[in-house]
Amino acid sequence: MINEVTNIVVETLPQIQGYVYPNESNVHPVWSVLIVIYPYITGLVAGAFIMASLVRVFNVKALAPVYRMSMLTALAFLLCATLPLLCHLGHPERNYEVMMTPHMTSPMAIFGFVYAWYLMAVLLLELWFDFRQDFVKWSKTTPGFQGLIYRVLTLGVTDVSEQSVRLDMKMEWILSIVGIPSAFLLHGYVGFIFGSIKANPWWGNVLMPIMFILSAIVSGIALCVFNYIVLTWIRRKTVNMRCLDAMAMFLFYALLVDAVIETLDVLHRGFAAEEGFAVLQTMIREKLFYTLNIGQVGIGTLVPLLMLGALQLLRHRVPEAVRRTMIFCSGAMILFGVLMMRWNVVMGGQFFSKSFRGVMSYKMEFSGQEGWLLGAAIMCLPFIILTVLVKLFLSESEQLQPCEHLPENSSKT
Amino acid sequence: MLPFKLPPQILRLVLVAMAIVGSYFVARSFLVPPSFGQYGWYRGAALAEIASREPVFAGKQSCDECHSDILHKLAKDAHKTLSCEGCHGVSREHGNNPDILPVKSTGSHCIRCHEANLARPTWLKQIVVKDHYGPKCTECHLPHQPTKSP
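In order, the protein sequences belong to chains A and B.
Residue numbers for the first sequence follow our numbering, beginning at 1 and rising by one.
Residue numbers for the second sequence follow our numbering, beginning at 1 and rising by one.
Worth flagging that the hints you see were computed from the coordinates, not collected in a lab.
Please read all numbers here as calculations on a predicted model, not as lab measurements.
The reader is advised that the hints may include incorrect statements.
[As the list claims (entries may be wrong)] Think about it this way: if two alpha-carbon atoms lie no more than 20 Å apart in a straight line, the pair counts; the simulated DMTMM-like pairs of lysine to aspartate or glutamate are:
#: 1; chain 1: B; residue 1: Lys5; chain 2: A; residue 2: Glu286
#: 2; chain 1: B; residue 1: Lys5; chain 2: A; residue 2: Glu162
#: 3; chain 1: A; residue 1: Lys137; chain 2: A; residue 2: Asp168
#: 4; chain 1: B; residue 1: Lys125; chain 2: B; residue 2: Asp77
#: 5; chain 1: B; residue 1: Lys60; chain 2: B; residue 2: Glu93
#: 6; chain 1: A; residue 1: Lys198; chain 2: A; residue 2: Asp134
#: 7; chain 1: A; residue 1: Lys198; chain 2: A; residue 2: Glu262
#: 8; chain 1: A; residue 1: Lys140; chain 2: A; residue 2: Glu97
#: 9; chain 1: B; residue 1: Lys5; chain 2: A; residue 2: Asp159
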């Protein structure tokens, strides 16, 4: 008895402040860390793809060295995008049923269509057309199991004539054009999941899909910066500073637009001060103080904005090594800040009572289905997949070279 | 002869796509449970499975068969609307075989309703447990006659 009383009195009740309906005083929110990771990973996919599209669609040749790495990053993360959801649902013995019975009547279930379209019709196809020439080349020169993989990936087409390669380029260009709205759809959809919940003032907001898309672009570029620097460091190569500076520039502008839109959202909410605004103020000042003000705004936005902004103004006066370190730190901080943004959105919407007069707390557990250990494991998995993909498809000699079959228009940067 | 010939890589992709879609539909025919969609977007057989479960609650009338004296006391006091099994736990097995005792009720059942909470109506008696005397509610209160003292 004492234990049960202790659980309720010592653990549950101190986590509640103000007027909370009895059926809301649950220690564990319905959505927790896994649902935080899910939009984070899909955002990284969409962002990495959009960065790659800068090369393919907008002819930004300075970014060509990271084109393939960005695409592989998008693929590695997309392969893991459904994992947090499936782990959250539980029942691994019947996880396939959700994919076998697709339907359009539930906003959640529409993700199956969005995901399948993006993976099968956009990303894999574009990657295949981009790598096809190399698959043919590698399948002839690589022995053993790895050679077999390349032979399978050619799908039996060994034609690399000029006409055939030109068709590949055309297809890639078309797929990139289709891919940009698809990437927006992928992550805009995730924002819509939250934005469409009109009963919750923290979520129900038409700006939500736009904020999700912008933060996705920011986090995707930051991830590519991070991966590029880490990869060159592991391979003991020199960083292509023209490429890194171009990434830093796009990162700065994307972050600036993202910060402005999010600030507009806050100002709009403050000015409108609709029902429930008081509880949102409590959230910002108390419940989400560290993750929002320090994590998302401070570490994830203001410091990187200052660092990247300073680099835009004083690029030629800052030594390369310092510039590299500053860009790397900005990328890492932005990645952390966007994760905090996802946390604030997902958890923030569950921290206050439907009465708007009380707030709840949540302490993440270590192990278990919703523990941070599983969250960390799921976050590590795309990096492991990416390592394999890089090992297979991004040979050291080609890593720092622009793709061979780029459109021939002039660079814009 | 065809007037338009598909380039080899496109033709191969079309074939692969057809194979993927085809294998999806084949897999679907095996993996979707047979009764899926019978009544709606769920497994129809689930209804019969749920209905076939043995009930675990006995109901107040079963308790009245042996414990009518307690139920008489209960009916005259503030807890008259409460179900016996709300505090004593599921008791169908105990009803069938009196040797199997129900789960012993504890103080956590009391504070489920009586711990102070702003959201509760004010007419409901509420206490802050940590400021309240005693480790055991029944030292001072009779759960079956809450307005009387032991």
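Verification of the supplied hints:
Taken as a hint, the Lys5(B) and Glu286(A) pair is broken in the structure, with Cα atoms around 67 Å apart against an allowance of 20 Å. Proposed proximity of Lys5(B) and Glu162(A) is supported: the alpha carbons are some 18 Å apart, at most 20 Å. With a CA separation close to 15 Å, the supplied pair Lys137(A) and Asp168(A) stays within the 20 Å bound. With a CA separation close to 14 Å, the supplied pair Lys125(B) and Asp77(B) stays within the 20 Å bound.
Annotation: proposed proximity of Lys60(B) to Glu93(B) holds, straight-line Cα distance about 14 Å (limit 20 Å). About 50 Å separates the Cα atoms of Lys198(A) and Asp134(A), which puts this hinted pair outside 20 Å; it is violated. Restraint check for Lys198(A) and Glu262(A): the C-alpha separation of about 19 Å stays at or below 20 Å, so the hint holds. With a C-alpha separation of about 40 Å, the suggested pairing of Lys140(A) with Glu97(A) is violated against the 20 Å cut-off.
With a C-alpha separation of about 15 Å, the suggested pair Lys5(B) and Asp159(A) falls inside the 20 Å cut-off, and the hint holds.
Consistency note: the structure conflicts with the earlier hints numbered 1, 6 and 8.
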